[in-house]
Amino acid sequence: MTPTSWGAGAWGGWALGVLTVLAGYAWLAWRGSWGAGRAALFAAGCASTLAAAWGLHDPLQSMSAYAAALMLLGQGVSPLLLLGVPVRARTTWREPNQRWWARWLIDPWVAVSVFVLLTLALNLPGLFESALANAVFSAPIGVLLLIGGLMMWAQLLDGSRGIRRRWLAGLVGWLASLPMMLVAAVWVWSPRVLYMPYLDVLCLWSLSPLQDQHYAGLAMFVAGLPLQLRAAWMLIMGDASTQGSP
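Quick note on the numbering used here: the sequence shown kicks off at 15 and runs consecutively.
Since the hints were made in silico from the structure, they are not lab data. Ideal Cβ positions, reconstructed from N, Cα and C, are used throughout, including at glycine. Among the hints, erroneous ones may be present.
To be verified - Beta-carbon label-pair distances, calculated as ranges:
no.	residue 1	residue 2	range
1	S220	R113	47 to 55 Å
2	V200	G23	34 to 42 Å
3	A40	R113	23 to 31 Å
4	W41	L196	38 to 46 Å
5	V200	A65	43 to 51 Å
6	L64	V202	48 to 56 Å
7	A103	W123	22 to 30 Å
8	P139	A37	38 to 46 Å
9	V207	P260	22 to 30 Å
10	V101	A135	48 to 56 Å
11	A135	N111	32 to 40 Å
Based on the provided sequences and hints, a complete structural model is requested.
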């Protein structure tokens with residue numbers, strides 16, 4: 015593995031992990047008769063995971079591609095994987111025999127804390143530049159954002175939601191998404207390049223480093239909209255939107 019891109023072993027490990035998760039889901043879906051629609055959503059999430067790997071494997075090729083890949087994992091893959099599991103199955107995650115992990119991974123306040131801290135910490139110049147300078151860090155960062163996205167989205171879907179009142183869950187989710195949108199705004203409107211490794215790199219599509227950073231912020235903003243819209247819908251509609259919710 016070179017300092018700025020993945021080798022064959024990293025690609026193989028990434029693909030093996032996704033295929034293992036998909037095989038486990040197929041077994042559970044077959045046992046529970048979850049239906050083709052749910053399976054298609056989960057399969058789309060797995061395919062999106064592999065697509066995101068392209069943007070992660072060489073962080074210095076483009077900040078916008080790298081940011082889009084990270085956001086795809088955190089805000090695209092996460093809801094697809096969760097929606098692939100029926101509400102009745104997600105409800106069992108809170109049963110006593112599963113509390114040993116559920117009280118940490120789908121506790122609403124733990125989820126919000128992890129999501130906000132990851133959003134802020136991973137965009138600090140010191141940490142983010144480490145990931146850019148050495149691609150070894152890009153895969154773990156992607157996994158962390160995927161986990162944070164799963165935890166946050168679980169609080170906006172019935173069954174896994176930890177806050178009973180939908181309007182309150184929506185408010186909490188909307189507030190938790192604000193730091194992410196703030197980072198996106200900083201990237202879009204900053205008059206200078208914020209991350210030094212990109213200053214001497216020729217970006218894809220012949221973009222200047224500053225233009226590439228602006229597009230990275232736009233990618234983050236667009237990818238963050240579904241979370242904000244879902245949270246706003248729950249906040250506005252409240253318990254009246256319970257019927258037919260995912």
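Verification of the supplied hints:
no., hint, verdict
1, S220 <-> R113: 47 to 55 Å, "holds, 53 Å"
2, V200 <-> G23: 34 to 42 Å, "holds, 35 Å"
3, A40 <-> R113: 23 to 31 Å, "holds, 26 Å"
4, W41 <-> L196: 38 to 46 Å, "holds, 41 Å"
5, V200 <-> A65: 43 to 51 Å, "violated, 26 Å"
6, L64 <-> V202: 48 to 56 Å, "violated, 28 Å"
7, A103 <-> W123: 22 to 30 Å, "holds, 24 Å"
8, P139 <-> A37: 38 to 46 Å, "holds, 40 Å"
9, V207 <-> P260: 22 to 30 Å, "violated, 40 Å"
10, V101 <-> A135: 48 to 56 Å, "violated, 32 Å"
11, A135 <-> N111: 32 to 40 Å, "holds, 33 Å"
The earlier numbered hints that this structure contradicts are 5, 6, 9 and 10.
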